[in-house]
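Q: Here are the chains, one letter per residue:
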Amino acid sequence: MILDFFSLAFTNLKRSRKRSWLTMLGIVIGIASVVALISLSAGMQNVINDQLSKIGSDRISITSGAGSYSSPVTGEMFSAKLYQHDVDIVKQVRGVEYAIGVTIKTSTVKYRDETKAMMVFGLPFDAKTVENLKTISFFEILKGNYPSASDKYSIMAGYQLSQDLFDKPIAVGSKMEISGVEFSTVGINKKVGNPIYDRKIVIPLDAAKELFGVGDERSSIFAKTRSGFNTTEVAEDISDRLRRDRGLKKGEEDFTVQTAQNMIRSFTAILGVVQVFLIGIAAISLLVGGIGIMNTMYTSVLEQTKNIGIMKAVGARDADIMMIFLFEAGMLGIAGGAIGTAIGLIIGLMVQYAAANAGFEVLKASMTPDLILGAILFSFIVGAVSGMMPAIRAAKMSPVKALRYE
Amino acid sequence: MLSDFFTLALETIVRRGLRSWLTMLGIFIGIASVVALISIGQGLQESIASQFESLGTDLIMIMPGGGGALSISSVGIGSSYLTNHDLDLTKRASGVDIAGGMVYKMAKFEYGNEVKYFFVIGFPTDESKEIISNAQSFKLAEGRDLKEGDRYVITIGYLIAHGKAFKENVKIGDKLKVDGEEFRVIGSHEQIGNPEDDKQTYVTLDMARRIFNEPEKLNTILAKPKAGQDPAVVAENIKKELRRDRGLSKGEEDFSVQTMQQLLESVNVILGVVQIVVLGIAAISLLVGGIGIMNTMYTSVLEQTKNIGIMKAVGAQEHDIMMIFLFEAGILGLVGGVIGVLFGIGIGSLVEAISAAAGMSVLKTYMSWELVVGSLLFSFIVGCASGLAPARDAARLNPVDALRA
Chain A
1 MILDFFSLAF TNLKRSRKRS WLTMLGIVIG IASVVALISL SAGMQNVIND QLSKIGSDRI
61 SITSGAGSYS SPVTGEMFSA KLYQHDVDIV KQVRGVEYAI GVTIKTSTVK YRDETKAMMV
121 FGLPFDAKTV ENLKTISFFE ILKGNYPSAS DKYSIMAGYQ LSQDLFDKPI AVGSKMEISG
181 VEFSTVGINK KVGNPIYDRK IVIPLDAAKE LFGVGDERSS IFAKTRSGFN TTEVAEDISD
241 RLRRDRGLKK GEEDFTVQTA QNMIRSFTAI LGVVQVFLIG IAAISLLVGG IGIMNTMYTS
301 VLEQTKNIGI MKAVGARDAD IMMIFLFEAG MLGIAGGAIG TAIGLIIGLM VQYAAANAGF
361 EVLKASMTPD LILGAILFSF IVGAVSGMMP AIRAAKMSPV KALRYE
Chain B
407 MLSDFFTLAL ETIVRRGLRS WLTMLGIFIG IASVVALISI GQGLQESIAS QFESLGTDLI
467 MIMPGGGGAL SISSVGIGSS YLTNHDLDLT KRASGVDIAG GMVYKMAKFE YGNEVKYFFV
527 IGFPTDESKE IISNAQSFKL AEGRDLKEGD RYVITIGYLI AHGKAFKENV KIGDKLKVDG
587 EEFRVIGSHE QIGNPEDDKQ TYVTLDMARR IFNEPEKLNT ILAKPKAGQD PAVVAENIKK
647 ELRRDRGLSK GEEDFSVQTM QQLLESVNVI LGVVQIVVLG IAAISLLVGG IGIMNTMYTS
707 VLEQTKNIGI MKAVGAQEHD IMMIFLFEAG ILGLVGGVIG VLFGIGIGSL VEAISAAAGM
767 SVLKTYMSWE LVVGSLLFSF IVGCASGLAP ARDAARLNPV DALRA
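Read top to bottom, the protein sequences are chains A and B. Quick note on my numbering: the first sequence kicks off at 1 and runs consecutively. Quick note on my numbering: the second sequence kicks off at 407 and runs consecutively.
Everything labelled a hint here was simulated from the structure, so no lab data went into it. Glycine included, each C-beta is placed from N, C-alpha and C at the ideal position. Among the clues, some could well be false.
[What the hints assert, rightly or not] With a Cα cut of at most 27 Å, we get these calculated DSS-like pairs of lysine-lysine:
1. Lys583/B - Lys250/A
2. Lys583/B - Lys81/A
3. Lys656/B - Lys646/B
4. Lys249/A - Lys583/B
5. Lys191/A - Lys128/A
6. Lys522/B - Lys81/A
7. Lys573/B - Lys583/B
8. Lys646/B - Lys116/A
9. Lys249/A - Lys573/B
10. Lys570/B - Lys250/A
11. Lys116/A - Lys623/B
12. Lys116/A - Lys656/B
13. Lys175/A - Lys152/A
14. Lys623/B - Lys110/A
15. Lys553/B - Lys535/B
[Stated by the list, open to error] If you want the footprint, here are the derived chain B segments under chain A, 3+ residues with CB under 8 Å:
16. 420-429
17. 684-698
18. 701-707
With the rest of the complex left out, here is chain B (with noise of 0.2 Å):
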């Protein structure tokens, strides 16, 4: 019976040709725009996620600022700083294992006698060199690491190693200026995908004190707790800590201690509204498509008149006509979500392509299964939504006028 229904479906939509393609069209691009957006909002944050990871997501971060390290109020300015005291304060919090800080400033360089601005980052190279490395995903690509004792070295990042920085490549042992002092190259860095990221520069902690002239300060602090420690309770113990160093009480702190896993969620919510937004404007092209799916339902049904009077009067219930129709609505709405989804996945991957192109390898595309089958389910019952008024219609035809039709 059910094979039946399906069969006669078909061959309707068979039958109108052109007609159904322009319907299924519809559904098509409106399928096909959300899948797209999907799977590059999807990949997007699979793709930050997993550069957290690789940071430890038990990592925590310090820094100055009240607001939190997303806040616009807290980047870079502040009458309130963190300082090599805040250090020490956080190293003997409880439930800290290792804990570093850094500077980091844009400073002017000179090479050749092209002038250009970077920033240098100033690493620790004690104990807590290798949080802080990873959690700038440093991979030395070539040349070596800066070292204990280091002085006027400097590591570059990709791009300004490869040529799209400045004029020519930068190759280990040429000399930079950086704020007017001399520097040796001794290593690059591997790409990491965000062009930003790929124009910095790396020298020794105390190196960067020198040039900058800030012997007391830090820009940002990173903790790792104890094997075994929740970050979020080491997190709250460092804040104790260093409130009650400034005197400050609870709600007061001109700084802000994140947990890696924290942070994560905040730049989340922030993506999680971005995609709603934009999703929201491209399912209206689905509402679209739903909306012509009803009016092909209405027109099939009116030029079906005949046949489905002849099919009451051999017995048929109303109930067995409203499936057909339902049935070629939804096929209608599960070929033109199967083309969609195709053609979706395929935007996506020419996104990719293209933005790798372009050097922000940090946009990648994700096609979960769940994302295919959600999306010919939701094509399916966009399509028995659009057809159940018509198919109603359908069913409730008087036989004896439909035979006359």
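Chain A extracted, bound-state conformation (with noise of 0.2 Å):
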């Protein structure tokens, strides 16, 4: 039975095959739109959760600054400074494996006669901390070496501020100038697909204090946890033993201690909003669609009165006659979905290679079973949801008034 209606279904599209085709591009059109760009935010979020983990679950890092919104870049903007006194703090936390205070500042780096203003990080480079950098993804060295403990004057530079940043590449031993001090470059980091950490610049801590008078201050601490300790709550203890020390009580702090959790968290949140944004428009083209394939249903059904007038003299129920418009319908969705999907996700994969040729790699499309599976899933109801009010119109028709249609 349900094979007849197939059947019957799929001959009354091919009858009409050039209205048929355009119904389907409407919602081809649709399903491509909402599908690429699906496609391309999972994507996005997927690498940016990867790079955040990279970061490692068992890292927490330490701002200067109240609210969810301080990070190493805002530091400056509040009066509450953090110090090296906060930094041993946190190394005596229990469950604290490490702890590396960072100062963060902008100044004018110049290679040979090119000069940019950049964020340049100082960092201590002690053989303790030099064993714990090579476990952080963007401290990782691809060619030369961390600075020392004794050359003050050289730089760890990141993979692509080597490569594109200036007109001619950084190699090992390139100089550069810092803010009019002369340095050499003595490591360059593996790329790691984030410019942020891409392009930075990173010179030793006691250079910093020299170059830019910063003293025992410091913009961001980076701790990571002890294996077998829980991330969080070795932040929840850093946090107190920080207040204690400052003397604030919870809720008053002017310091922010974020674990890799919270930032995946804040950063998805936003991102999702723009992604609810984006496909609301792109849906709108997929009602219309649908709205397309209402109207296609009552033309087909109009034109097959003189039919269903037949079918019901002949003993065809109410909803015998339903299901076959409905049928009609939703294969209609269906294949509009099918090759709006394998549209969406090629044009999908497209934007990802010009992105990365643009260098931002950031962008990448994602292709889920879930994503097919769903966009298929989604047209046919869309179709069937459609040809619902047609079909049921049909369905309704007296048959004697039918039979008599010209």
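The two chains are supplied separately, each in an independent frame; assemble them into the complex guided by the hints.
A: The structure is reproduced here in structure tokens:
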């Protein structure tokens, strides 16, 4: 029986070929844009999550300033600061394997005859810290070495910085001027894929102290949890200790302790909102496509009035008639959906390719079976729902009147 | 003749009732979303432009950091910063009338037993006060403004005074602790419309320097060119002075000097890009609507085959037949467009009302008559373009075959 419905619906669609194709085109375009957008935004979320977890779920960062928006970058905007003293406190918290205090300042960097203003990171480079740095992905060395405790005026450069930030590439041994003082490049980091880290320039803490006069001030503290300890708990302990040291009550902190978890969470939240907005707009075209199906189905019902009359006359029930037309609408939906999904994924891949060429490795297209099945199922539902009202009209037709239709 | 085409087309559309409505619905949804998005986008641009206007577009802003006021790397960080010395240089630069500097940082506020963090802006109280207060959209609502020689007094933003920052309203005469030091509230400001701005507080420059312990630094310097001078030229002069003083060559600046005009342009560029992306996506629905019209027209031609045969038989030209169907398609587009424009304007107004209630009165929608006329014209064109192919098919029908249908 079902098979008959199928073949009847299919025959109908074939009969008015051009119309069927045009109707499907509407769904194809709608689904393609929705699929492309979902694929790209899901892909981007995956990449970011990946990178944040490369930082390690055992990483904790402490920055000055209250509120979830504080980051190493905005630390200067707060009158409260972090100091080496705080780094020492954090080191002593139970469960902390190590803590590194970092200063970040913007400065002019000159290479050959090009000058740019950029963020300069000041890091301690004693032996113990270097051991720990080797475990942080964006501090892993690709070429050369870490600055040693003895060369004050040495630089560790991020991958992109060395390759295409300046006109000429930078190699180990290249000399650069920071704030007017000459430095020598001793190491180049591995590429991470995130422009902020790939474009960084790192100098020893002592040099930073000398150049920028920061003294004991630190912009942020990076800490790692000892294995076996729960990162969130350790973060709480750090908060407690620092609060006690500063004589603050809970909720009054002028610093922020963040784990990779809450960074992921806040980023995901923001991305989620943008996603919903863009996809919502793309979904409007899907709505219009559905209306197109409804329109086509009304026409189809009209054209087949006589046939409907005949079918009913020889014993077809109302439900059977309805099924035939629902199938017809559903097939339009699924066919459009399948083609649309394929096109949408291709568009996603093309955008990924174009973005990668422009240096935005963050934009990737994700193709999960969930997305594909979901899109096809959804298009079938769109089709069926759009076809519901015309199908009901067909089912309710009086056979006598239908037979008389010219 | 033309009116006949019109009447014939209209009759067909009316006869097909529901299906005509559904076809127009497609166009209507597409146009409504495009119109709503454009009006919101234009409104945003307008309100930002007018905020800049009140600043005085001849104002010049000097900030530390080499990337310009909008680049991420320059916000608030720096081994490069501006000082009183820079302010003096600016005042002396050729073409500068008045110049003044501001200090701002986030500080810890204690009110009663609550602790929160807000921006404190240190304001000069000399002749430069006026240009800086314009720049901050400064309008006093209650109490009095800061004066030269004021110590330990503070004026607060709208939201702080109206209970949206601390649990209670902060009133004139109340005491606030800023970074541990006690200040008395002497005035509060009118609402600016931007929640961030409305939570700012203001003290005299000298007081700000005292509590932050930064006697020399300045976060921003504002300069007003002399009447008749081109702001861009004056900005260049200031740049030259500062460059020479710091021993930097051109292109190496660790500060940025921009006129309000230039700032406005960069903001508009960003807004423009965002708008285009969003509009592009909304326009896809318009495309699908157009396909719907094409589909409907093919059906219409099919259903009227016999009529076309008769018309040709009694002397209608191919050209005439095509006009009839083009009109049909165009009318479908136009009516869908009219309803769509009305709906789009409605959505825009709704968005404006909702965001005003949420405190963001910066989001206004702007309905230019160009937008309305443009959209109507566009929907008509979409209709005609979609109907072109079917109309041509109709025109080329062989009358003999058509009559036999």
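Q: Output the numbers, in ascending order, of every earlier hint that fails for this structure.
A: Violated hints: none at all, because every hint is consistent with the structure.
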